[in-house]
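So you can see what is in the structure, the chains are spelled out below.
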Amino acid sequence: MTLTTPASAERNHAPEHILSLRGITKKFGAIRALTGIDLDVHAGEVVAIVGDNGAGKSTLVKILAGVHPPDAGTINFFGTPTTLNTPTDSRDLGIATVFQDLALCDSLDVVSNLWLGRELTRGGALDEVEMEQRSWSLLRELRARLTSVRTPVASLSGGQRQTVAIARSLIGEPHVVILDEPTAALGVAQTAEVLNLIERLRERGLGVILISHNIADVLAVADRVVVLRLGRNNGNFRVADITSETIIAAITGATDNAVTRRATGGTVDPDRSERDR
Amino acid sequence: MTPPAAADGAASARQAPDHDPHHSGIRGTVEAFIDRLRGGDLGSIPVVVGLVIIWAVFQALNPTFLSSTNLVNLTMQSAAVGTIAIGIVLVLLMGEIDLSVGSVSGLSSAILAVGFVQLDWPLLLVIAAALAAGAATGFVFGLLYTRFGVPSFVLTLAGLLAVLGIQLHVLGDAGSINIPFDSWIVQFGQQMFLPPLVSYALIAIVVLAYGWRLVAQARRRTDAGLAAMSTSVIAVRVAALLVILGVAAWYLNLTRGVGVMFVVFLLLATAMNLALTRTRWGRAVYAVGGSVEAARRAGIRVNRIYISVFVLCSTFAAVGGLMAAARLAGANQSSGGGDTNLNAIAAAVIGGTSLFGGRGSAFSALLGILVIMSISSGLTLLNLDSSVRYVITGAVLVLAVIIDSVSRRSRAATGRA
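Chains as they are written, first to last, in our numbering: chain Y, 17 to 293; chain X, 5 to 421.
Pulled out of the complex, with its shape left as it was, chain Y reads as follows:
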């Protein structure tokens, strides 16, 4: 925890403590999905949550999104203890979640998708002009690569769709944005686009929680990495201080296996190791 403060201070952001989780525990029947998880998110900070499959990343996201209430532990939002029992609680508080499947309406255009469920009206009718104008200023602020906001979302590329989904989460002016595997299905250029977007969110002073499998992405944008392993905290690193081997070691819980060896020693030639044996 002490590592985080200097990380944020370096970027001259007020190190405001937005979200702080202590001892979060969640059980599904006999399975302990999370045990005593601690997590802090500050304003203008990108916190990456990494971990192997089944480490509890998704459960943690769902707790923050209000999908599953935790069994034990406290959640403080701007220092005030709070509960997140429904998705609406979470959203009203200012936690926006962009799930992996994005949940966009393909047949609707970008503006309609951005404002879906909270359309602006003017005398009872939809205020398309105001919505379109605000969409442009938001997308411009995010430096999104879109040529028209009136094309159906179906015609956009994966990166553009991710951009629209992230932009949509910002419409409600949240304090924290949770991105679940935002680069999972994207190509190289599109991944770069989304990573730039994450930087933009940080510049806006938002707290960003980034769930990712991709260590390169994490090292590229995150300020801090929180490692989960088998439902427990297994490391909390300032990105500036570490290398990918450290993260991989914390994820796998081992310092010596094929993955870490390959990460440290450059490449491991499987043929040669076989011959050596």
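It should be emphasised that the hints constitute simulated quantities derived from the structure, not laboratory data.
Everything numeric in this text was worked out from a predicted model, so none of it was measured.
Even for Gly, the Cβ is constructed at its ideal location relative to N, Cα and C.
Hints are not guaranteed to be accurate.
Claimed, not checked - Label pairs and their calculated CB-CB ranges:
#	chain 1	residue 1	chain 2	residue 2	range
1	Y	R138	X	I57	18 to 26 angstroms
2	Y	G45	X	S338	13 to 21 angstroms
3	X	T281	Y	Q116	52 to 60 angstroms
4	X	A36	Y	A200	33 to 41 angstroms
5	Y	T259	X	T150	47 to 55 angstroms
6	X	G341	Y	P85	49 to 57 angstroms
7	Y	A46	X	G303	33 to 41 angstroms
8	Y	P85	X	R282	34 to 42 angstroms
9	X	G303	Y	I47	28 to 36 angstroms
10	X	G29	Y	A200	39 to 47 angstroms
11	X	R308	Y	F44	30 to 38 angstroms
12	X	V158	Y	I258	55 to 63 angstroms
13	Y	F44	X	T150	24 to 32 angstroms
14	X	R308	Y	K43	47 to 55 angstroms
What the hints assert, rightly or not - Covered, in the sense of this in silico footprint (three residues per stretch, anywhere, with C-beta under 8 angstroms from a C-beta of chain Y), are these stretches of chain X:
#	segment
15	61 to 68
16	110 to 116
17	267 to 277
As the list claims (entries may be wrong) - Interface residues of chain Y toward chain X, partial, derived using beta-carbon atoms under 8 angstroms:
#	residue
18	Q116
19	A119
20	C121
21	D122
22	L124
23	L132
24	T137
25	L142
26	Q149
Assemble the complex: chain Y is given as a structure, and chain X must be docked to it using the hints.
For chain X alone, coordinates are given in the frame of chain Y:
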């Protein structure tokens, strides 16, 4: 993925933001239109083309087909089933179906006849009762659908039978009830036509309102720094609407004129179109039809939207039933039976509303019913009996569904799904 928006987006923030050519002048509009067609976004093109072909063929076979008298009949025949089709458009937009609309319209006819003639209730009360019966049926469908997730196909198929039973019960032993010809409702259904001057005044009001809206919208968009429809495009659109409505009214006015019942149908379609395109409710309908999960996550109360749509659909069916009873001056056990159901559904689909949800317009009810009634009227003029009519209407429906499926596939291929 064209770079300009990204590259100079931040630097020149006040630049015209919409780089899309869709709104710049007549040429741009035409290009955008062709682009859309290529992408499989056919809208109402197939049905308009189809209507022109059908009219040309029947006119060639029988010169009285396009006579003013026959077209007046055609409009009057279209009103009832067309109104039912508006409701079908709504359920289709949600990706659902309502097979009970024929029975619901029959029940509504029966309530009108029994209440008005046998029980001697005041007309307004009878109409309210018929509409309430329709709304209640839709509400039951909505509840069963949202509570138990019964597929609407099965749900409304069961409704078809159950409501038909209620219709027979309401009619009782009488079986067939005639409504007096001098009553207001029958006059409305058969004899009430707009005086020519009134029809032209109405058209003037509609065209002015449309033009004013386009101009006001374009001005507001320009003020907001958004790409707006150019004056020439607005002029073309307003002129086109004026010519279409004006010529139609002039031609119908050569004989009996524009039927009040048909005008009511047009007003209902227009009102529904505005509700669908300009309100939060309408946006929610399209969103739910496009992707239920996305709509739910966006905080839309999906169940309420479903219930509202089922209620509206059955209510429109009840309105259609009232119109049919008014036009036929009575109700009987086969009111709303026969091809009413299929015609209403076919009208919505032929008009260009997708069976797959999320795509369509309230006006497709109008275009579709004109196609269906033209076929029916043309074949009747050729002295072909209903057996041929059924086969041809069925074939046209299948053709419309094929166009829908194929254009959906090509939309998917060009990323416009």
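Right, here's what the structure says about each hint:
Distance hint for R138 (chain Y) and I57 (chain X): a CB-CB separation of about 42 angstroms, inconsistent with the stated range 18 to 26 angstroms. For the pair G45 (chain Y) and S338 (chain X), the supplied restraint of 13 to 21 angstroms is violated, since their beta-carbon distance comes to about 59 angstroms. Between T281 (chain X) and Q116 (chain Y) the CB atoms are about 32 angstroms apart, so this pair departs from the stated range of 52 to 60 angstroms. At roughly 34 angstroms, the beta-carbon separation of A36 (chain X) and A200 (chain Y) lies within the given 33 to 41 angstroms, and the hint holds.
The supplied range of 47 to 55 angstroms is met by T259 (chain Y) and T150 (chain X), whose beta-carbon atoms lie about 53 angstroms from each other. Distance hint check for G341 (chain X) and P85 (chain Y): the Cβ-Cβ separation is about 54 angstroms, which falls inside the suggested range of 49 to 57 angstroms. Judged by the Cβ atoms, the range 33 to 41 angstroms given for A46 (chain Y) and G303 (chain X) holds: they are separated by roughly 34 angstroms. Remark: the range hint 34 to 42 angstroms for P85 (chain Y) to R282 (chain X) is upheld by a beta-carbon distance near 39 angstroms.
One distance hint, 28 to 36 angstroms for the beta-carbon pair G303 (chain X) and I47 (chain Y), holds here, with the actual separation near 31 angstroms. Between G29 (chain X) and A200 (chain Y), the C-beta spacing of about 43 angstroms keeps the proposed range 39 to 47 angstroms intact. Between R308 (chain X) and F44 (chain Y), the C-beta spacing of about 31 angstroms keeps the proposed range 30 to 38 angstroms intact. A hinted range of 55 to 63 angstroms holds for the C-beta pair V158 (chain X) and I258 (chain Y), which are about 59 angstroms apart.
With their beta carbons about 28 angstroms apart, F44 (chain Y) and T150 (chain X) fall inside the hinted range of 24 to 32 angstroms. In this structure, R308 (chain X) and K43 (chain Y) break the distance hint of 47 to 55 angstroms, their C-beta atoms being roughly 34 angstroms apart. Counting residues of the segment 61 to 68 of chain X whose CB lies closer than 8 angstroms to any CB of chain Y gives 0, which falls below the minimum of 3, so the coverage claim is violated. Interface restraint, the segment 110 to 116 of chain X with chain Y: violated (0 residues with C-beta to C-beta distance below 8 angstroms; minimum three).
By the rule of at least three residues with a Cβ nearer than 8 angstroms to a Cβ of chain Y, the coverage given for the segment 267 to 277 of chain X is violated, with 0 such residues. Given the 8 angstroms rule on beta carbons, the hint for Q116 (chain Y) is violated: about 12 angstroms separates it from the nearest Cβ of chain X. Given the 8 angstroms rule on beta carbons, the hint for A119 (chain Y) holds: about 4 angstroms separates it from the nearest Cβ of chain X. About 4 angstroms separates the beta-carbon of C121 (chain Y) from the nearest beta-carbon of chain X, less than 8 angstroms, and the hint is met.
A distance limit of 8 angstroms between C-beta atoms decides the matter here; for D122 (chain Y) the minimum to chain X is near 5 angstroms, and the interface restraint holds. At about 6 angstroms, the closest approach between the beta carbon of L124 (chain Y) and any beta carbon in chain X falls short of 8 angstroms, and the interface hint on this residue holds. Against a cut-off of 8 angstroms between C-beta atoms, the interface hint on L132 (chain Y) holds, since the closest Cβ of chain X lies about 4 angstroms away. Among the interface hints, the one on T137 (chain Y) holds; its C-beta lies about 6 angstroms from the nearest C-beta in chain X, closer than the 8 angstroms criterion.
Because the smallest distance between the Cβ of L142 (chain Y) and any Cβ of chain X comes to about 6 angstroms, under 8 angstroms, the interface hint for this residue holds. Below 8 angstroms, beta-carbon pairs count as interface contacts, and Q149 (chain Y) has one with chain X at about 5 angstroms; its hint therefore holds.
In summary, the numbered hints that this structure violates are 1, 2, 3, 14, 15, 16, 17 and 18.
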